[in-house]
Amino acid sequence: MEEFLRILTQSVGELLAPATAAYALAAIGLNLHFGYTGLLNMGQAGFMLLGAYGFGITIIAGGSFWLALLVAVLAGVLFALLLGLPTLQLRGDYLAIVTISAAEIIRWLGRSTVWQEWTGGASGLQGRDYKDAFQDLSPLPDGRFALGPFEYINTGSDSWWTRIFAWGLVALVLLFVWLIARSPWGRVLKGIREDEDAVRALGKNVFSYKLQALVIGGAIGALGGVVFALPSAIAPDSMGRTMTFFVWTILLLGGAATVFGPVLGSMIFFAAYMFMRTGMRALAENTPVGEVISTTNVEQIGGMLVGVTLMLLVIFRPQGILGNKKELAFNVR
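Counting from 1 along the sequence shown, just add 19 to a position and that's the residue number in the working numbering.
It is worth saying that the hints were derived from the structure and are not from the lab.
Misleading hints may appear alongside valid ones.
As the list claims (entries may be wrong) - What follows is a list of derived Cβ distance ranges for each label pair: (1) SER142 to SER227: 39 to 45 Å; (2) PRO307 to ASP112: 44 to 50 Å; (3) ASN316 to LEU24: 30 to 36 Å; (4) TRP204 to GLN319: 41 to 47 Å; (5) ALA80 to ARG25: 25 to 31 Å; (6) ASP112 to LEU198: 27 to 33 Å; (7) GLY167 to LEU191: 22 to 28 Å.
For clarity, every value in this text was computed on a predicted model and none was experimentally measured.
Cβ atoms here follow ideal geometry from the backbone N, Cα and C, with glycine treated the same way.
Turn these sequences into a full structure, and let the hints steer you where they fit.
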């Protein structure tokens with residue numbers, strides 16, 4: 020019973036973890052691409068990695084926290100422009116191919132020795148080299164604070180201050196998306212998703228709107244990369260294809276083309292994922308199940324179960340928890 024309560028506490032703690040907020044931001048950006056505009060971005064991890072690198076490198080070079088945050092956003096914007104300008108006038112599947120390839124290029128450039136002086140190569144950038152600028156902004160006193168079964172230090176890597184900042188940023192981005200989705204601009208995006216030829220016939224510049232959506236969603240994804248790096252480190256292999264795969268699962272779980280769907284999807288996904296991993300690890304260590312499932316195989320089995328979940332979502336509940344099935348009845352161009 021005590022073991023079950025421990026696993027349950029860890030799983031519930033993931034609801035407000037900084038990584039959960041980071042993935043929520045990435046899914047919000049992807050929602051602007053796919054949910055509202057119908058753009059198939061298969062490389063959201065690339066935006067996150069560039070945002071994290073822009074943030075970390077700027078601080079290590081002597082920049083302030085706010086300057087680093089601005090550089091991270093600009094990195095996402097530039098990446099979106101480089102991807103969108105040559106591809107958005109083509110069909111959606113071209114964008115999917117370009118984005119997944121470009122994200123892998125960014126990851127391999129980060130791993131390479133050519134830029135090792137700036138990116139740290141395969142080892143990445145250590146958190147101690149760039150976290151101080153963020154932690155110095157904390158208004159919380161030194162020490163620890165417990166809220167029910169959850170106890171963290173006030174300021175540090177895995178702290179209340181990191182959680183407050185991460186989820187405060189999620190709230191601000193959600194408000195921004197809610198406002199623009201209700202605006203005439205947001206209605207044009209939905210029109211493009213449904214039938215871009217009809218929108219073009221009304222005199223709207225479809226290419227311009229698509230590029231704007233790609234840029235804004237990419238900038239939000241870059242912010243997600245910053246939040247992901249704050250409690251840990253910046254390692255290129257931690258922001259690869261698996262991260263994009265998780266972001267898509269989160270978006271489809273919560274509901275595409277909804278404001279709160281990405282946040283709900285992220286919270287449910289990581290709580291369930293933590294429960295599954297810790298539960299399987301406990302079974303492997305304490306029961307005969309360990310003869311079939313070893314603790315070293317837990318991550319691989321978890322990834323397979325996530326893949327099965329994504330397939331089941333697409334087949335039986337493509338609109339997600341909060342979504343409307345009619346919102347997904349669009350033709351991707």
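Hints, verified against the model:
1. SER142 to SER227: 39 to 45 Å: holds (41 Å)
2. PRO307 to ASP112: 44 to 50 Å: Check passed, 47 Å falls within 44 to 50 Å.
3. ASN316 to LEU24: 30 to 36 Å: Hint violated: Cβ distance 25 Å, outside 30 to 36 Å.
4. TRP204 to GLN319: 41 to 47 Å: holds (43 Å)
5. ALA80 to ARG25: 25 to 31 Å: Distance hint for ALA80, ARG25 is violated at roughly 42 Å.
6. ASP112 to LEU198: 27 to 33 Å: The hint (27 to 33 Å, Cβ to Cβ) holds, given that ASP112 and LEU198 are roughly 31 Å apart.
7. GLY167 to LEU191: 22 to 28 Å: Roughly 26 Å apart at Cβ, these two residues keep to the hinted range, so it holds.
Checked against the numbered hints above, the structure violates hints 3 and 5; every other hint is satisfied.
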